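Asks: Full structure from sequences and hints, please.
Residue numbers (this note's numbering), protein chains in the order written: chain A, 1127 to 1240; chain B, 1127 to 1240.
Hints should not be assumed to be uniformly reliable.
It does not matter which identical chain is meant; a pair holds if it fits inside one copy or across any two.
Straight-line C-alpha distance at most 20 Å; calculated EDC-like pairs for lysine to aspartate or glutamate [to be verified]: (1) K1182 to D1140; (2) K1128 to E1154; (3) K1175 to E1162; (4) K1128 to D1140; (5) K1198 to E1219; (6) K1128 to D1159; (7) K1128 to E1206; (8) K1128 to E1191; (9) K1198 to E1212; (10) K1175 to E1154.
Just so you know, these hints were derived from the structure itself, not from any lab.
Keep in mind that this is a model prediction, so the values were computed, not measured.
Protein chains: 2
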Amino acid sequence: MKDSLSILFSALADPTRRAILARLAVGEASVSDLAEPFLSSMSLPAVTKHLKVLEKAGLVTKSREAQWRPCKLNGRALQEAAEWMEPYRVHWEESFDRLEAYLKIVQQGDVPHE
Amino acid sequence: MKDSLSILFSALADPTRRAILARLAVGEASVSDLAEPFLSSMSLPAVTKHLKVLEKAGLVTKSREAQWRPCKLNGRALQEAAEWMEPYRVHWEESFDRLEAYLKIVQQGDVPHE
DNA sequence: TTAATAGTTAACCGTACGGTTAATTATCTT
DNA sequence: AAGATAATTAACCGTACGGTTAACTATTAA
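Replies: Quick look at the structure:
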């Protein structure tokens, strides 16, 4: 059995699934609503499978209403990924680039003032 | 060929690779340095493979120094993932919970003041 | 009750993934 | 030149992944 963060990241590692999440960010939708943009390029069962992956990652919840299964985004599941990434933020933000440049200067002994 | 965001997320979808990134966040390290914590549970070639996945995702760069290949974290690659996630932030942050709760009250016609 | 709509499940297929062992390359040391 | 160290490459293996078609379940509508 895999850890939840791995399950989460691999759920996000597919453009179809990310598109489904983007659609759900707008609001609830049925399976066929969600499938519609993809039906030219893949079958309905394929979409069902993608939804199952998203459900297992906790990103989507399904309910029942007559013959429909309204799907809803559970954005909270993304928090775990965001929290994992947070400590790395300094490694890509502009301020870090400046720090890095400064440290390079220091290492050269080429420090301004003193 | 897969899109870069999918390559990135699937690179992150493995605990060994995330551990390697965490180690590299501390500073540069050779392949055997990086492999050392895992050698009880997997072989060196396995680690080499993981590093190749991280390189292809742009998360790690390798250089050469004698027989060593010092590896370096390229945190900037994570920015793309962070930017993808950003619009979803409102879906998990506390403020959104409060907004959601408020909207529920509004829908019930149970609005304070007016 | 029959037919239509919505969705899932089952069985299958090719390919990618995570691991292995064995062989190979490249550099330093003696 | 020979041996040790660092790392990669090659060939292989089992399993998971993303897709298919066909069959099935469940609910609504005639």
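Asks: Where does the structure disagree with the numbered hints, that is, which hint numbers, in rising order?
Replies: Checked against the structure, the hints that fail are numbers 2, 6, 8, while the rest are satisfied.
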